[in-house]
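**Student:** Following the hints, complete the assembly by docking chain B onto the known chain A.
Chains A and B, in that order, are what the protein sequence lines are.
Note that numbering that gives the first Met the number 0 gives residue 15 to position 16 of the first sequence, counting from 1, and the numbers run on in steps of one.
Note that numbering that gives the first Met the number 0 gives residue 165 to position 166 of the second sequence, counting from 1, and the numbers run on in steps of one.
It is worth saying that the hints were derived from the structure and are not from the lab.
Hints may contain errors.
For identical chains, the list gives no copy identity; a pair is met inside one copy or between any two copies.
Said to hold, decoys possible - For lysine to any residue, the following SDA-like pairs were computed, each having C-alpha atoms within a straight-line distance of at most 20 Å:
(1) Lys269 to Ser69
(2) Lys113 to Ile102
(3) Lys113 to Pro101
(4) Lys20 to His10
2 protein chains.
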Amino acid sequence: MKLFSQVADLHECLDGLRAQKKSVGLVPTMGYLHEGHLSLVERSNEENDVTVTTIFVNPLQFAEGEDLASYPSDLQSDTELCEKIGSDVLFIPSLQDMYPEPILTSVQVDDFTKRMEGESRPTHFAGVATVVAKLFNITGPCNAYFGEKDWQQLQVITKMVRDLSFRVCVIGCPIIRHRDGLALSSRNAYLTTDERQSATVLSRSLQKASDLIRAGETSSVDIQKLIEREVASEPLVELDYVETVDGSSLIPVDEIVPGTRILIAAAVGKARLIDNIDAFTGITGFSS
Amino acid sequence: MKLFSQVADLHECLDGLRAQKKSVGLVPTMGYLHEGHLSLVERSNEENDVTVTTIFVNPLQFAEGEDLASYPSDLQSDTELCEKIGSDVLFIPSLQDMYPEPILTSVQVDDFTKRMEGESRPTHFAGVATVVAKLFNITGPCNAYFGEKDWQQLQVITKMVRDLSFRVCVIGCPIIRHRDGLALSSRNAYLTTDERQSATVLSRSLQKASDLIRAGETSSVDIQKLIEREVASEPLVELDYVETVDGSSLIPVDEIVPGTRILIAAAVGKARLIDNIDAFTGITGFSS
Numbered sequence: 000m001k002l003f004s005q006v007a008d009l010h011e012c013l014d015g016l017r018a019q020k021k022s023v024g025l026v027p028t029m030g031y032l033h034e035g036h037l038s039l040v041e042r043s044n045e046e047n048d049v050t051v052t053t054i055f056v057n058p059l060q061f062a063e064g065e066d067l068a069s070y071p072s073d074l075q076s077d078t079e080l081c082e083k084i085g086s087d088v089l090f091i092p093s094l095q096d097m098y099p100e101p102i103l104t105s106v107q108v109d110d111f112t113k114r115m116e117g118e119s120r121p122t123h124f125a126g127v128a129t130v131v132a133k134l135f136n137i138t139g140p141c142n143a144y145f146g147e148k149d150w151q152q153l154q155v156i157t158k159m160v161r162d163l164s165f166r167v168c169v170i171g172c173p174i175i176r177h178r179d180g181l182a183l184s185s186r187n188a189y190l191t192t193d194e195r196q197s198a199t200v201l202s203r204s205l206q207k208a209s210d211l212i213r214a215g216e217t218s219s220v221d222i223q224k225l226i227e228r229e230v231a232s233e234p235l236v237e238l239d240y241v242e243t244v245d246g247s248s249l250i251p252v253d254e255i256v257p258g259t260r261i262l263i264a265a266a267v268g269k270a271r272l273i274d275n276i277d278a279f280t281g282i283t284g285f286s287s
Numbered sequence: 000m001k002l003f004s005q006v007a008d009l010h011e012c013l014d015g016l017r018a019q020k021k022s023v024g025l026v027p028t029m030g031y032l033h034e035g036h037l038s039l040v041e042r043s044n045e046e047n048d049v050t051v052t053t054i055f056v057n058p059l060q061f062a063e064g065e066d067l068a069s070y071p072s073d074l075q076s077d078t079e080l081c082e083k084i085g086s087d088v089l090f091i092p093s094l095q096d097m098y099p100e101p102i103l104t105s106v107q108v109d110d111f112t113k114r115m116e117g118e119s120r121p122t123h124f125a126g127v128a129t130v131v132a133k134l135f136n137i138t139g140p141c142n143a144y145f146g147e148k149d150w151q152q153l154q155v156i157t158k159m160v161r162d163l164s165f166r167v168c169v170i171g172c173p174i175i176r177h178r179d180g181l182a183l184s185s186r187n188a189y190l191t192t193d194e195r196q197s198a199t200v201l202s203r204s205l206q207k208a209s210d211l212i213r214a215g216e217t218s219s220v221d222i223q224k225l226i227e228r229e230v231a232s233e234p235l236v237e238l239d240y241v242e243t244v245d246g247s248s249l250i251p252v253d254e255i256v257p258g259t260r261i262l263i264a265a266a267v268g269k270a271r272l273i274d275n276i277d278a279f280t281g282i283t284g285f286s287s
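Just chain A, same shape as in the assembly (with noise of 0.2 Å):
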């Protein structure tokens, strides 16, 4: 595995496999990396000739307050990780590599970005969609890998491409979890144990409503009803929304039908955790 740390090297790098035909899988990241990461690179792996993994603790992303200074890291073990599940490369850039001088530029994209997690982080997509577009451009053509955990994420990243034609495909990747059908996140770190106990509600909460769903309930009301009470069950649990939208416009939909995906927030200790399902299809993806 090669380990970059400088644009240039990378340029280097990818201008020589480029010029030999290869494909380019990419799989940006933020480190203190977990089976679901491992998962997009290993998909990477399976669809292109190379897979670079970048891991980057974006700033622009993370609001005064939130926890860009506590965000955990374990650089050692990325690497060891990326090494093992075949990365070709992995890509480290420093802060000042990537913002050199003070950055003036953002993309915003506007209507994907306003409700959920935009209404609670408003400054969070932006900041997402900025560096995405910087290391597509770094990165240049390539399939590029994303978790469904950040179901709006993936959306705003596969609407930028569209609107901004970058020549990247956008592949979102199904959710990995715990036994117990909590979904990996590198936030899972900051939960005590009766914390990490209770957060299991979120994706059971959701298992309930496609169960319902499934049974032929079309409500959304009903079905956010449901997975309220659910949480409010959870004392450690704090709900921040709940929502059920169409997957690909995020627009919120009175009746659940198929490609309807139901999304949820809620703190939990220092966490924040959030999740989401295909309505009709429930729970899938659990960690070996």
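**Tutor:** Below, chain B without anything else, positioned relative to chain A:
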């Protein structure tokens, strides 16, 4: 010369040329080409293996009530001029090809876009930055040529390229002027004979300012007053702004120093005209 209207066809052509290690120059325009545009194509021809000229009247950069509907167009003449000057590729995408679905993404460059043109045309530069980002993505790594007449635009694009790590080298090229000093502009077509005559006050006042500066004047306020008086002497010309700024950062300066740029904008009849000079160099670049 190859003429393309579809993004996919341009991709295929440029991918083939890049595989042969050809360097690409890009000249993005809104058409109705004049010698100013052609000087960009010539410069690109000198510095690149292949020059791609694009013509697209980008609706995003026009506000309600501006001249989008009446913007002058002559694709027949433009095509002949591009062929004659030696552009290798002419790309004229349709509105449908550029914006096949409602665009929700915009690229914003703060600070650089708040004053001068940005104050008079608040949505203008987001429209410019967005379409230029799109054209850069469509074209891929290149040298991109822009006229210095749109000085603020040139700085906005330069900053966007640095901030978002586009693999593009932005090259500003000197303003081309009529013999009487008026900067070439597609919008000069809107001028009546009298207005055309009056419009020369813009370059004339800039030249007078530069003469004074080279004679020792360093006060921005005095230089601005001089230009305001000059322009006021032409009743057909209504000054929008005159500013003395650092040429790169666009931050206003009190004292004129090397690197200071003087920018001016005015309404002349139906036309909104802009011009600018390097404070110490004055007027250069007359057309043949």
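**Student:** Run every hint past the structure and note whether it holds.
**Tutor:** Do the hints match the structure? See the list:
Taking the shortest Cα distances, lysine 269 and serine 69 sit within 20 Å of each other inside one copy (10 Å), while across copies they are farther apart (57 Å). With identical chains, the CA atoms of lysine 113 and isoleucine 102 are at most 20 Å apart between copies only, with a shortest distance of 15 Å across copies and 23 Å within one. Taking CA atoms no more than 20 Å apart as the test, lysine 113 paired with proline 101 passes between copies only; the shortest distance there is 16 Å, against 25 Å inside one copy. Taking the shortest Cα distances, lysine 20 and histidine 10 sit within 20 Å of each other both inside one copy (15 Å) and across copies (15 Å).
Every hint from the earlier list agrees with this structure, and none is contradicted.
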